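2 protein chains.
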Amino acid sequence: MKVLVIGSGAVGGFYGSLLAAQGAEVSMAARSDYMHVHAHGIDITSESKLGAYHFRPHTVVRNAAELPEKPDYVLLCIKVVENADRVGLLKDAVGPGTSIVLISNGIDIEDEIAKAFPDNELISGLAFICVTRTAPGKIWHQAYGRLALGNYPQGLSEKALELCKVFERSGITCVASEDIVAARWQKCVWNAPFNPLSVLSAGLSTNEILSTQESFVRAIMEEVCLIAEATGHPLPADTVNKNIENTYRMPPYKTSMLLDFEAGRPMETEAILGNAVRAGWNAGVPIPHLESVYALMKLRELGRGDG
Amino acid sequence: MKVLVIGSGAVGGFYGSLLAAQGAEVSMAARSDYMHVHAHGIDITSESKLGAYHFRPHTVVRNAAELPEKPDYVLLCIKVVENADRVGLLKDAVGPGTSIVLISNGIDIEDEIAKAFPDNELISGLAFICVTRTAPGKIWHQAYGRLALGNYPQGLSEKALELCKVFERSGITCVASEDIVAARWQKCVWNAPFNPLSVLSAGLSTNEILSTQESFVRAIMEEVCLIAEATGHPLPADTVNKNIENTYRMPPYKTSMLLDFEAGRPMETEAILGNAVRAGWNAGVPIPHLESVYALMKLRELGRGDG
Chain B
11 MKVLVIGSGA VGGFYGSLLA AQGAEVSMAA RSDYMHVHAH GIDITSESKL GAYHFRPHTV
71 VRNAAELPEK PDYVLLCIKV VENADRVGLL KDAVGPGTSI VLISNGIDIE DEIAKAFPDN
131 ELISGLAFIC VTRTAPGKIW HQAYGRLALG NYPQGLSEKA LELCKVFERS GITCVASEDI
191 VAARWQKCVW NAPFNPLSVL SAGLSTNEIL STQESFVRAI MEEVCLIAEA TGHPLPADTV
251 NKNIENTYRM PPYKTSMLLD FEAGRPMETE AILGNAVRAG WNAGVPIPHL ESVYALMKLR
311 ELGRGDG
Chain Z
11 MKVLVIGSGA VGGFYGSLLA AQGAEVSMAA RSDYMHVHAH GIDITSESKL GAYHFRPHTV
71 VRNAAELPEK PDYVLLCIKV VENADRVGLL KDAVGPGTSI VLISNGIDIE DEIAKAFPDN
131 ELISGLAFIC VTRTAPGKIW HQAYGRLALG NYPQGLSEKA LELCKVFERS GITCVASEDI
191 VAARWQKCVW NAPFNPLSVL SAGLSTNEIL STQESFVRAI MEEVCLIAEA TGHPLPADTV
251 NKNIENTYRM PPYKTSMLLD FEAGRPMETE AILGNAVRAG WNAGVPIPHL ESVYALMKLR
311 ELGRGDG
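Protein chains in written order, with my numbering: chain B, 11 to 317; chain Z, 11 to 317.
Please keep in mind that the hints were generated in silico from the structure rather than gathered at the bench.
As the structure is a computational prediction, the values presented were derived from the model and not from experiment.
A virtual CB, placed ideally from N, CA and C, is assigned to each residue, including glycine.
Keep in mind that the hints are not guaranteed to be accurate.
Claimed, not checked - Here are the simulated lysine-lysine pairs, PhoX-like style, with alpha carbons at most 25 Å apart:
| no. | chain 1 | residue 1 | chain 2 | residue 2 |
| --- | --- | --- | --- | --- |
| 1 | Z | K308 | Z | K59 |
| 2 | B | K169 | B | K252 |
| 3 | B | K89 | B | K101 |
| 4 | B | K264 | Z | K308 |
| 5 | B | K308 | Z | K148 |
| 6 | Z | K148 | Z | K264 |
| 7 | Z | K101 | Z | K80 |
| 8 | B | K308 | Z | K80 |
| 9 | Z | K197 | Z | K175 |
Said to hold, decoys possible - Which residues of chain B face chain Z? A partial, calculated answer using Cβ under 10 Å:
| no. | residue |
| --- | --- |
| 10 | S225 |
| 11 | L300 |
| 12 | S302 |
| 13 | R314 |
What the hints assert, rightly or not - Partial pick of chain Z residues on the chain B-facing surface, computed with a CB cut under 10 Å:
| no. | residue |
| --- | --- |
| 14 | V71 |
| 15 | V97 |
| 16 | L99 |
| 17 | G107 |
| 18 | F138 |
| 19 | I139 |
| 20 | T142 |
| 21 | T144 |
| 22 | A212 |
| 23 | L214 |
| 24 | I230 |
| 25 | S302 |
| 26 | L309 |
| 27 | E311 |
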């Protein structure tokens, strides 16, 4: 199994290392961290049973065009933010038999790729993980690690199942999902309130948000469920309650959007919120709380000089 | 006409000076600025035709109990924020014939005072003004100045009309309002979106907010109109459009809540938003956008260490 990981950030480095440990030939296309990763590989420190280990990619390139062969799978592990030229990054990596694997947050993030590569299999994936790039070639895996993978727009190909199996063998949970779009909505139920509220509150933890504004959080979650249902992906009736209960049980947690905000990086506002709001508008579902949070995030971005 | 102004901030100093210029005997109860105002009075620099002038109060005290006589009018010119002990401040100022005049932003700010002083006339007032205390005893009047005054809960007494007349003679517009509660809702239509959105966006001007999120602003304004109507104070049908048009015509403007936020001072979140939201809940009116903005302001306050 030949794999190319695009993106030498925390997600790509971590999941690439798991495939390599199972015998896959994992190469990596890195931009800002190319020099370090090419020379030294990646050091991963995991708080899980994986412990501390080193990952040396088979080949490290700046651009996928430099690879001698097209891979069986290309894992695109980058955030979906403005100026992320995902099609451009994939263009030189994809051959006739290459499956494209997107591991990213958000709603409706597949369509652009599906249209640009209509003849390639598209596998859409979600990572439930706390993992951080602490320096070039240094990754800190704090907690969790579960993946959900499935073909876009639906179904499970043999190649998707095969990839899941390799991930499972590596010791993480990899859920093979027949309806990955529903899984995205499921994740959005949590992301849509907690990511923006952590930013708009200027740094509150999930626990502080939930313990003071539970009914507001619930209202946002309910609206996400309404959109999921209206777009053909109904979520279980206990989805909101389970998300609330699980969040109370989690340790206080800084969301990925808050980490991006604090570091001055672009945020996944459009992928997580904007696309959800537009799906709601298209479906004619009333989503006033979600709309409000989206509008305020756009104002907050403008207030810090984005766009 | 004997007047006591409680609060030596910008609003009290400015309106007190206008009454004094018309021959009223205006005393002042000042706390933090007592030393300066007692020794030097107040210097006012106005960008209007009033120009620069000096206001020397008849008597300056730390506490109203020090005054030899009870005034005809006591003007309470302080922000309605947590820890503002308005009843305590008024207690020593109010005699049997004293009319209490509240000049403050917000919704439902009168009831506490009406209950504490059931035998005194209560005049409720709104100031439409840009005025800033730049240092102890220094006030900068940037623009506007209109007042609206009326008895709470409704009507216009002779003393209220008399006060209006004196303000009018001083050169500002003072609207005598038979339904001052409706006037509060009218002002809330503007305050409810622009004050919190300027804070939550971390400093955008009214113009930047409106030009990028007009439909969100309108949604909040419409909800305020719904509450006003449901509580017996219907506003004119063109209220939202007029507020939008006027704001586009205003120069870019920093809201009072943003100024308080940037200075680390308590904000009028409860007076402006919380009380409006509770009125909406009591009336059974759907106000999801307003609720969202209120919840986010509470989170933002918590995020900066309030409460």
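These are the hints, each one checked on the structure:
Taking the CA atoms of K308 of chain Z and K59 of chain Z, the gap is about 40 Å. The hint is violated against a cut of 25 Å. Proposed proximity of K169 of chain B and K252 of chain B is contradicted: the alpha carbons are some 32 Å apart, above 25 Å. For the proposed pair K89 of chain B and K101 of chain B, the alpha carbon gap of about 17 Å is at most 25 Å, so the pair holds. Simply put, K264 of chain B and K308 of chain Z have alpha-carbon atoms about 19 Å apart, close enough for the 25 Å limit, and the pair holds.
For the hint linking K308 of chain B to K148 of chain Z, the alpha-carbon distance of about 38 Å lies beyond 25 Å, and the restraint is violated. With a CA separation close to 20 Å, the supplied pair K148 of chain Z and K264 of chain Z stays within the 25 Å bound. For the hint linking K101 of chain Z to K80 of chain Z, the alpha-carbon distance of about 11 Å falls within 25 Å, and the restraint holds. Straight-line distance between C-alpha atoms of K308 of chain B and K80 of chain Z comes to about 53 Å, which puts the hinted pair past the 25 Å bound.
Between K197 of chain Z and K175 of chain Z the alpha-carbon distance is near 22 Å, which keeps this suggested pair within the 25 Å criterion. Interface hint status for S225 of chain B: upheld, as the beta-carbon distance to the closest one in chain Z is roughly 8 Å, under 10 Å. The restraint placing L300 of chain B at the interface with chain Z holds, with a minimum CB-CB distance near 9 Å, inside the 10 Å limit. Hint status for S302 of chain B relative to chain Z: holds, with the closest Cβ pair at about 3 Å, below 10 Å.
With its C-beta approaching chain Z no nearer than about 7 Å, R314 of chain B sits inside the 10 Å limit, and its interface hint holds. The closest approach between the C-beta of V71 of chain Z and any C-beta of chain B is roughly 40 Å, which is over the 10 Å cut-off, so the hint fails. With a least beta-carbon distance of about 28 Å to chain B, the hint placing V97 of chain Z at the interface is violated under the 10 Å criterion. Interface hint status for L99 of chain Z: violated, as the beta-carbon distance to the closest one in chain B is roughly 30 Å, over 10 Å.
Interface hint status for G107 of chain Z: violated, as the beta-carbon distance to the closest one in chain B is roughly 46 Å, over 10 Å. A least Cβ separation of about 24 Å between F138 of chain Z and chain B goes past the 10 Å threshold, and the interface hint is therefore violated. A cut of 10 Å between beta carbons decides the hint on I139 of chain Z: the least distance to chain B is about 26 Å, and the hint is violated. Given hint, T142 of chain Z at the interface with chain B, is violated; its Cβ is 22 Å from that chain's nearest Cβ, farther than 10 Å.
At about 25 Å, the closest approach between the beta carbon of T144 of chain Z and any beta carbon in chain B exceeds 10 Å, and the interface hint on this residue is violated. Interface restraint check: A212 of chain Z against chain B, minimum CB-CB distance 4 Å, threshold 10 Å, status holds. Against a cut-off of 10 Å between C-beta atoms, the interface hint on L214 of chain Z holds, since the closest Cβ of chain B lies about 5 Å away. Interface restraint check: I230 of chain Z against chain B, minimum CB-CB distance 8 Å, threshold 10 Å, status holds.
Using the Cβ-Cβ criterion of 10 Å, the hint placing S302 of chain Z at the interface with chain B is satisfied: the shortest such distance is roughly 3 Å. About 4 Å separates the beta-carbon of L309 of chain Z from the nearest beta-carbon of chain B, less than 10 Å, and the hint is met. A distance limit of 10 Å between C-beta atoms decides the matter here; for E311 of chain Z the minimum to chain B is near 9 Å, and the interface restraint holds.
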